[in-house]
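Number of protein chains: 2
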Amino acid sequence: MENFVLSNPTVLHFGKNVIEDLADQIKQLGKKVLLIYGKGSVKKYGYYEKVTNKLREANIDFVEFAGIKPNPDNEVADDAVRFGVEQNVDVVLALGGGSVIDSAKVIAVSIPENLKTWDVMKGKKVPTKALPIITILTVAATGTEMNHFSVLQNNTTKEKIGTRNVMMYPKYSYLDPEFTYSIPKDYTAYGMVDIIAHSFENFFGYGTSPLADRFAVSIIKEVMNFAPLLLEDLRNYEYRANMMLQATYALNGTLAAGKTSGDWGVHSIGHILSLQYDTPHGASLSIAYPAWFKLMKNKIPERIKDLSLLLFNTEDIDLFISKIEDFFKSINSPIRLQDTGINTDKKQEIINLLTKNEASGFNYQFNEYEKLVDLMYL
Amino acid sequence: MENFVLSNPTVLHFGKNVIEDLADQIKQLGKKVLLIYGKGSVKKYGYYEKVTNKLREANIDFVEFAGIKPNPDNEVADDAVRFGVEQNVDVVLALGGGSVIDSAKVIAVSIPENLKTWDVMKGKKVPTKALPIITILTVAATGTEMNHFSVLQNNTTKEKIGTRNVMMYPKYSYLDPEFTYSIPKDYTAYGMVDIIAHSFENFFGYGTSPLADRFAVSIIKEVMNFAPLLLEDLRNYEYRANMMLQATYALNGTLAAGKTSGDWGVHSIGHILSLQYDTPHGASLSIAYPAWFKLMKNKIPERIKDLSLLLFNTEDIDLFISKIEDFFKSINSPIRLQDTGINTDKKQEIINLLTKNEASGFNYQFNEYEKLVDLMYL
Numbered sequence: 001m002e003n004f005v006l007s008n009p010t011v012l013h014f015g016k017n018v019i020e021d022l023a024d025q026i027k028q029l030g031k032k033v034l035l036i037y038g039k040g041s042v043k044k045y046g047y048y049e050k051v052t053n054k055l056r057e058a059n060i061d062f063v064e065f066a067g068i069k070p071n072p073d074n075e076v077a078d079d080a081v082r083f084g085v086e087q088n089v090d091v092v093l094a095l096g097g098g099s100v101i102d103s104a105k106v107i108a109v110s111i112p113e114n115l116k117t118w119d120v121m122k123g124k125k126v127p128t129k130a131l132p133i134i135t136i137l138t139v140a141a142t143g144t145e146m147n148h149f150s151v152l153q154n155n156t157t158k159e160k161i162g163t164r165n166v167m168m169y170p171k172y173s174y175l176d177p178e179f180t181y182s183i184p185k186d187y188t189a190y191g192m193v194d195i196i197a198h199s200f201e202n203f204f205g206y207g208t209s210p211l212a213d214r215f216a217v218s219i220i221k222e223v224m225n226f227a228p229l230l231l232e233d234l235r236n237y238e239y240r241a242n243m244m245l246q247a248t249y250a251l252n253g254t255l256a257a258g259k260t261s262g263d264w265g266v267h268s269i270g271h272i273l274s275l276q277y278d279t280p281h282g283a284s285l286s287i288a289y290p291a292w293f294k295l296m297k298n299k300i301p302e303r304i305k306d307l308s309l310l311l312f313n314t315e316d317i318d319l320f321i322s323k324i325e326d327f328f329k330s331i332n333s334p335i336r337l338q339d340t341g342i343n344t345d346k347k348q349e350i351i352n353l354l355t356k357n358e359a360s361g362f363n364y365q366f367n368e369y370e371k372l373v374d375l376m377y378l
Numbered sequence: 001m002e003n004f005v006l007s008n009p010t011v012l013h014f015g016k017n018v019i020e021d022l023a024d025q026i027k028q029l030g031k032k033v034l035l036i037y038g039k040g041s042v043k044k045y046g047y048y049e050k051v052t053n054k055l056r057e058a059n060i061d062f063v064e065f066a067g068i069k070p071n072p073d074n075e076v077a078d079d080a081v082r083f084g085v086e087q088n089v090d091v092v093l094a095l096g097g098g099s100v101i102d103s104a105k106v107i108a109v110s111i112p113e114n115l116k117t118w119d120v121m122k123g124k125k126v127p128t129k130a131l132p133i134i135t136i137l138t139v140a141a142t143g144t145e146m147n148h149f150s151v152l153q154n155n156t157t158k159e160k161i162g163t164r165n166v167m168m169y170p171k172y173s174y175l176d177p178e179f180t181y182s183i184p185k186d187y188t189a190y191g192m193v194d195i196i197a198h199s200f201e202n203f204f205g206y207g208t209s210p211l212a213d214r215f216a217v218s219i220i221k222e223v224m225n226f227a228p229l230l231l232e233d234l235r236n237y238e239y240r241a242n243m244m245l246q247a248t249y250a251l252n253g254t255l256a257a258g259k260t261s262g263d264w265g266v267h268s269i270g271h272i273l274s275l276q277y278d279t280p281h282g283a284s285l286s287i288a289y290p291a292w293f294k295l296m297k298n299k300i301p302e303r304i305k306d307l308s309l310l311l312f313n314t315e316d317i318d319l320f321i322s323k324i325e326d327f328f329k330s331i332n333s334p335i336r337l338q339d340t341g342i343n344t345d346k347k348q349e350i351i352n353l354l355t356k357n358e359a360s361g362f363n364y365q366f367n368e369y370e371k372l373v374d375l376m377y378l
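Line order of the protein sequences matches chains A and B.
Per the working numbering, the very first residue in the first sequence carries number 1; after that it's consecutive.
Per the working numbering, the very first residue in the second sequence carries number 1; after that it's consecutive.
Accuracy of the hints is not assured; some may be wrong.
No copy is singled out in the list; a pair is fine if it fits within one copy or between any two copies.
Unchecked claim - Think about it this way: if two alpha-carbon atoms lie no more than 27 Å apart in a straight line, the pair counts; the simulated DSS-like pairs of lysine-lysine are:
1) LYS54 <-> LYS323
2) LYS158 <-> LYS43
3) LYS129 <-> LYS221
4) LYS185 <-> LYS44
5) LYS32 <-> LYS185
6) LYS124 <-> LYS323
7) LYS221 <-> LYS305
8) LYS171 <-> LYS129
9) LYS32 <-> LYS44
10) LYS371 <-> LYS347
Hints in this document: simulated from the structure, not taken from any laboratory.
Given only the sequences and the hints, what does the whole structure look like? Please build it.
Put into structure tokens, the structure is as follows:
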């Protein structure tokens, strides 16, 4: 077991109507709120109205920045920083899924010193101040609601990278499962893949922690148990609540106890696909993981067997991989590039991007990009 | 799933030599430390010297209060409060196991307003201020190092009760598995029972949370996996580290996600035995749990089957109970009252104490005390 620090300052309010006390919490933190959201679905489904009503009832001053895109980028985040500086806001309130919250985190650490968000992402500027961040989650998937990570992409330099900063932990996170009822079947499935992928990444991280491994497998099993139920009943409270809880625990530090880091090799492959072809994050991972397991099965067979035994009670790695693929197929998440319309004419382009970005894991290194891409087309 | 708040402000430093930065953290919190410990084993095994050397090297002013007993009581805690007030301390540093840390928590919330600790335990006085608490753990068992709970007993009124207060979360907890090497085989086993019992209490708590249930079972399985290894090799770093991690997670809130509370009925039975006969906490629980399962098997068969299926892959409750008993026996923790020298002449006394203390669970109520005590003698 590796030395580690276990610490998570986020206060997470989970359940029905939890935003009741939102205004009270905001008032403790500041006077002028920057409300950040995406492309309008929060308005369509009524979440925006519920939240802004709470702010108005409590006479909280707020301004809005809309338009964060899926696979969010630094340019839009920079616009939000400029707006926040002009408006002299002192609290950031994010209403949305991973894209909105990841953007809001970087925006919150960039406003006080008027930093360029890509400089923050690349570590060229290290923020020393941050606005407090409050999040209201509308998509169960990335776990960003209870961690200090953020992923943004740069469409000019063709990079998609993550950063971490303890100031990026949300102060408060509000998780009402009913706020995820409107996520359609396909994106609900992609969220499930993301949760499983986070569990895998932690499982394959550096360090030996049998309890953390078993926690990771617990999440994967519960995702798999609830998937067929939830996908047939998208407005079921219990199913949505369970998925929301799985998502938070998959990346709030619990699965990393006793390890120094996760692997994150498959995420780095997935990010390339999202960057270049706008592939939804979860869909990119259901393509990348089977290929990665096939690439790794002769390199780290014992570790894959550990997982396979806990998850499926078999040491047969090929059977393990086919069961993973079968699950992804069962929820209609793609397992090959051509399933998402990325045909073999893109093969060299993908290899070049993986090479340029040095896509690899922290724990298990790889650079057999041609083989990997072949496996994603297989 | 029930609404819940997930929040744990403790910053936990886990691993080899983690107390290296102890002095730096203390200096951020105050100027004069009250160091609290037990009956001298921390001196015998060198932990006291390691810790006080760190304080001296950093020129940190500290005073000492020694003499916290196992099954700690309010009178000793009151002595510590008086001493802390006189000495004008502003940080509490606890070096020890559950008894020391539980005492230190109540002492820390009692010093600022010079409260009687039993008034705090009984809720007659509600502290509004607290000294910051730092803990250095020497026994893996109770989980107190990362929660806001404390249990004390009153030898005059013959009560042993718990309380909770958000100000009782340690600011920093230091967990170096090597600091637990000196725990003898019997108390190591009792610690294992306590960890399993916390997992059970959470499992049988109010609310439906399949993921939290699976986390609880994960801990129980890992305790059972490591028990025979650790008990034959008490100075093995990996085994000690795993037990320490299990203990922390069994009661740091993780197993309560989606529930309103644990059950705690069996703990309340165990506390009676510790109070009256000084039975070690874990030993009291390995006696009480089999009896409780036998009492409950016709009342909540489905819930016990849920646990049995996850843990032993059987729905046969009698088989489940015998497997639990076999495990406790295998680690030499008592499963009947007479195993600890409490003979049947005490039967009525125990029934009277259970009745007087209204020992029962929050979730599953019971009052068949005669039947229960018979089952503990069976």
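Checked hints:
1. In this assembly of identical chains, LYS54 and LYS323 lie within 27 Å of each other by CA distance neither inside one copy nor across copies; the values are 46 Å within and 53 Å between.
2. Proximity of LYS158 and LYS43 under a CA criterion of 27 Å is satisfied in neither setting, with 31 Å inside one chain copy and 60 Å between copies.
3. In the homo-oligomer, the alpha carbons of LYS129 and LYS221 never lie at most 27 Å apart, since the shortest distance is 40 Å inside one protomer and 44 Å across protomers.
4. For the homomeric pair LYS185 and LYS44, the shortest alpha-carbon distance inside one copy (17 Å) is at most 27 Å, but the shortest distance between copies (62 Å) is not.
5. Taking the shortest Cα distances, LYS32 and LYS185 never come within 27 Å of each other, neither inside one copy (36 Å) nor across copies (59 Å).
6. In the homo-oligomer, the alpha carbons of LYS124 and LYS323 never lie at most 27 Å apart, since the shortest distance is 43 Å inside one protomer and 58 Å across protomers.
7. Taking the shortest alpha-carbon separations for LYS221 and LYS305, both the intra-copy value of 16 Å and the inter-copy value of 19 Å come in at or below 27 Å.
8. Taking the shortest alpha-carbon separations for LYS171 and LYS129, both the intra-copy value of 14 Å and the inter-copy value of 22 Å come in at or below 27 Å.
9. Taking the shortest alpha-carbon separations for LYS32 and LYS44, only the intra-copy value of 25 Å comes in at or below 27 Å, while the best inter-copy value is 57 Å.
10. In this assembly of identical chains, the alpha carbons of LYS371 and LYS347 lie at most 27 Å apart only when taken from the same copy (11 Å versus 72 Å across copies).
In terms of the numbered hints stated before, the structure departs from hints 1, 2, 3, 5, 6, listed from lowest to highest.
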